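Number of protein chains: 2
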Amino acid sequence: MHPLRFVVAAALGFLVTSARAEIVTKTVEYKQGDTVLEGFLAYDTAGPARKPGVLVVHDWKGIGPGPKRRAEQLAKEGYVAFAADIYGKGVRPADAKEASATAGPYFKDRSLARARVRAAFDELARQPNVDPARIAAIGYCFGGMVVLELARSGAGVVGVVSFHGIIDSPTPADAKNIKGKVLVLHGADDPYVPDTQVKAFEDEMRAARVDWQLVKYSGAVHAFAVAEAGNDPSKGAAYNATADRRSWKAMEDFFAEIFAKG
Amino acid sequence: MHPLRFVVAAALGFLVTSARAEIVTKTVEYKQGDTVLEGFLAYDTAGPARKPGVLVVHDWKGIGPGPKRRAEQLAKEGYVAFAADIYGKGVRPADAKEASATAGPYFKDRSLARARVRAAFDELARQPNVDPARIAAIGYCFGGMVVLELARSGAGVVGVVSFHGIIDSPTPADAKNIKGKVLVLHGADDPYVPDTQVKAFEDEMRAARVDWQLVKYSGAVHAFAVAEAGNDPSKGAAYNATADRRSWKAMEDFFAEIFAKG
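Heads up: the sequence lines are chains A and B, in that order. All letters in the first sequence, in the order written, are residues 182 to 443 by this note's numbering. All letters in the second sequence, in the order written, are residues 182 to 443 by this note's numbering.
Everything labelled a hint here was simulated from the structure, so no lab data went into it. Every value quoted in this text rests on a predicted model; they were computed, and no experiment measured them. A portion of the hints provided could be inaccurate.
Repeated chains share a single entry, so a pair holds when one copy, or any two copies, can fit it.
[To be verified] The calculated lysine-lysine pairs, modelled on BS3-like cross-linking and capped at a C-alpha distance of 30 Å, are:
| id | residue 1 | residue 2 |
| --- | --- | --- |
| 1 | LYS380 | LYS257 |
| 2 | LYS257 | LYS430 |
| 3 | LYS430 | LYS249 |
| 4 | LYS212 | LYS430 |
| 5 | LYS416 | LYS360 |
| 6 | LYS289 | LYS232 |
| 7 | LYS257 | LYS360 |
| 8 | LYS232 | LYS360 |
| 9 | LYS257 | LYS212 |
| 10 | LYS416 | LYS357 |
| 11 | LYS430 | LYS289 |
| 12 | LYS257 | LYS357 |
| 13 | LYS360 | LYS278 |
| 14 | LYS380 | LYS212 |
| 15 | LYS257 | LYS232 |
Please construct the entire structure, taking both the sequences and the accompanying hints into account.
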């Protein structure tokens with residue numbers, strides 16, 4: 182490209198950008214107790230001064246490209262999105278073995294999972310462009326468990342969405358603390374979340390009179406919304422573009438309902 | 182109102198109506214064998230020359246105000262909608278006892294249910310403003326059973342939606358004939374469709390590798406989308422405005438997917 186054309190194109194690009202909406206992303210350090218956590222914030226500079234907030238909780242691999250892409254997509258859709266870091270700054274499992282070892286303690290100690298996600302919730306709630314009365318949380322696999330624990334802790338989330346999440350609870354009576362609505366998006370062939378676990382979840386929600394919905398997607402196994410999960414369902418975890426698209430739409434409909442004003 | 186104001190208002194109303202889209206509704210007689218059936222057709226005069234078609238199958242009370250309202254709503258949303266008559270012209274059960282007696286034979290003889298709904302499908306497909314390659318069917322309670330039988334018969338429906346339908350099958354192997362996609366919208370507390378029936382349905386669909394989805398709505402019992410069903414869930418059948426709204430949205434999303442061109 183001729184240098185002058187480049188300058189003109191850059192100038193035009195600048196004009197277009199400054200005149201239109203712009204997605205801002207940034208790394209945000211925050212703490213839970215003495216543990217330093219490193220999340221990822223995304224929002225659009227356009228739109229209302231205070232927007233609904235959406236917390237995005239990663240799968241067992243920790244915060245990586247997937248949750249960050251989701252946060253950016255949510256920012257484009259008008260939300261202030263915050264991809265949480267449950268594990269701590271720099272704790273980024275390299276493979277499934279490390280991921281399993283890292284996630285394990287949070288499955289065993291749900292109070293730790295709750296404390297970590299609560300710190301992310303508070304960080305999002307204190308953002309100046311967030312309406313703290315309108316915050317939801319979504320989570321993938323491990324993160325599905327985490328956002329459900331956030332709800333069970335009694336946090337003021339207006340809704341939580343689990344994508345192929347682990348939905349069991351060692352303390353089902355805690356469901357009585359749930360303040361928001363619950364949407365579970367489940368792969369009908371997910372070997373990690375068997376029918377018995379689904380049944381127990383339904384009984385837990387029913388007993389606590391929670392407003393819950395559960396969607397089963399045929400042909401979908403664990404991790405159906407994780408682009409990095411490969412395409413071999415026989416492994417028990419695999420990406421499924423159809424279930425990914427449908428579940429995202431279900432989440433959008435859910436958000437339209439829970440974030441509606443008045 | 183002053184007479185002159187009335188005339189002006191009427192004239193303006195006429196101008197607005199004739200300049201814009203108009204919903205046409207009409208009663209349509211058709212036959213299955215020697216049985217005369219009386220359905221209800223609704224469409225918008227605006228829009229493309231050939232639209233997707235949606236068959237609406239009534240609950241055990243037969244074709245009445247509910248299915249007709251649904252057909253008109255679907256017409257407003259751009260579909261040619263046909264509320265089917267499964268029972269026959271003039272067969273309109275007056276109460277639950279008569280409805281049960283009238284519906285019974287169709288539950289027992291699924292081939293009769295298939296023949297009756299097939300006649301409605303053919304009637305819709307031959308409408309000049311319908312794209313016969315893009316027809317779906319929705320059904321309520323009894324009608325959920327009927328539209329699933331339509332799919333199991335191998336009819337060329339691109340999708341079927343069951344609202345609080347009876348989803349059992351005496352011939353589960355027939356699921357292999359299903360050509361379209363299947364969406365089941367289920368009340369999580371529906372006493373007429375217990376977990377065992379849901380499980381059998383899932384196994385049937387899974388074995389036949391059907392593209393299916395199932396949504397459970399908390400707090401919803403049988404007939405949750407039937408405005409005439411009252412508001413006492415303890416009776417096992419009751420209207421639920423939240424589940425009605427959510428399930429209609431789920432159907433709209435499903436239609437957007439199955440009717441998308443290319």
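If you check each hint against the structure, which ones fail? Hints 1, 4, 6, 11, 12, 13, 14 not satisfied by this model.
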